[in-house]
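With the hints as constraints, model all of the structure from the sequences given.
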Amino acid sequence: QQPVQSPQAVILREGEDAVINCSSSKALYSVHWYRQKHGEAPVFLMILLKGGEQKGHEKISASFNEKKQQSSLYLTASQLSYSGTYFCGTAGAGSYQLTFGKGTKLSVIP
Amino acid sequence: GAGVSQSPSNKVTEKGKDVELRCDPISGHTALYWYRQSLGQGLEFLIYFQGNSAPDKSGLPSDRFSAERTGGSVSTLTIQRTQQEDSAVYLCASCLAGGRVSGELFFGEGSRLTVL
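Going down the list, the protein sequences come from chains H and Z. Per my numbering, the first sequence starts with residue 1, numbered consecutively. Per my numbering, the second sequence starts with residue 1, numbered consecutively.
Simulated from the structure, these hints should not be mistaken for laboratory data. Here a beta-carbon is modelled for each residue, glycine too, at the ideal position from N, C-alpha and C. Each statement offered as a hint is correct.
Short derived list, chain H residues pointing at chain Z, Cβ under 8 angstroms:
{"#": "1", "residue": "Ala-41"}
{"#": "2", "residue": "Ile-47"}
{"#": "3", "residue": "Thr-99"}
{"#": "4", "residue": "Gly-103"}
Here are a few chain Z residues that sit away from chain H, every Cβ distance over 10 angstroms (derived from the structure):
{"#": "5", "residue": "Gly-16"}
{"#": "6", "residue": "Asp-18"}
{"#": "7", "residue": "Asp-63"}
{"#": "8", "residue": "Phe-65"}
{"#": "9", "residue": "Ser-87"}
Here it is in structure tokens:
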């Protein structure tokens, strides 16, 4: 079942922060975050395995609440290069399938 | 090459024709995925390969869609009797290890299919 992402779109000025949420109705083993720029392939940001860990990648970090089947991606002090569509992907235990949400379009303006 | 390679990058075909889309994964990657991306619909899972086997074909939308993988490497996605609703970007991704999805997927640039 497809995870639900929110918001669908967000516009930020450089330096502002944003949070993108991802929720699933099924028990999750892993949550993946990817960013896709227009006309390009999706690029891996990070993966979180069940255990409620938080990970960081430069000024981008994420958390995973396995009890709530939710993950959040935090972007701090946004840069123009952060613009793109962010996808969360979820996989259940024993599943081969990584199911992606519909994406969140992030636009960072000067 | 260093990354996942897909061909053709663009394909325009007439309704009813068959098309083949090719994916060359990163050398040594045992897991291979096909996704379809339509405008505003995110990434739709089609099929997963572990080596040459496809333990999960649940995402194939109809029996007009099939895929195979040979030599644990190249994969071909075939769409028979194409329909206009098949128009989309078809993305291939490979991963170093299979089993539970716990690793980074490396995506190709995709094959854009337009069915007239």
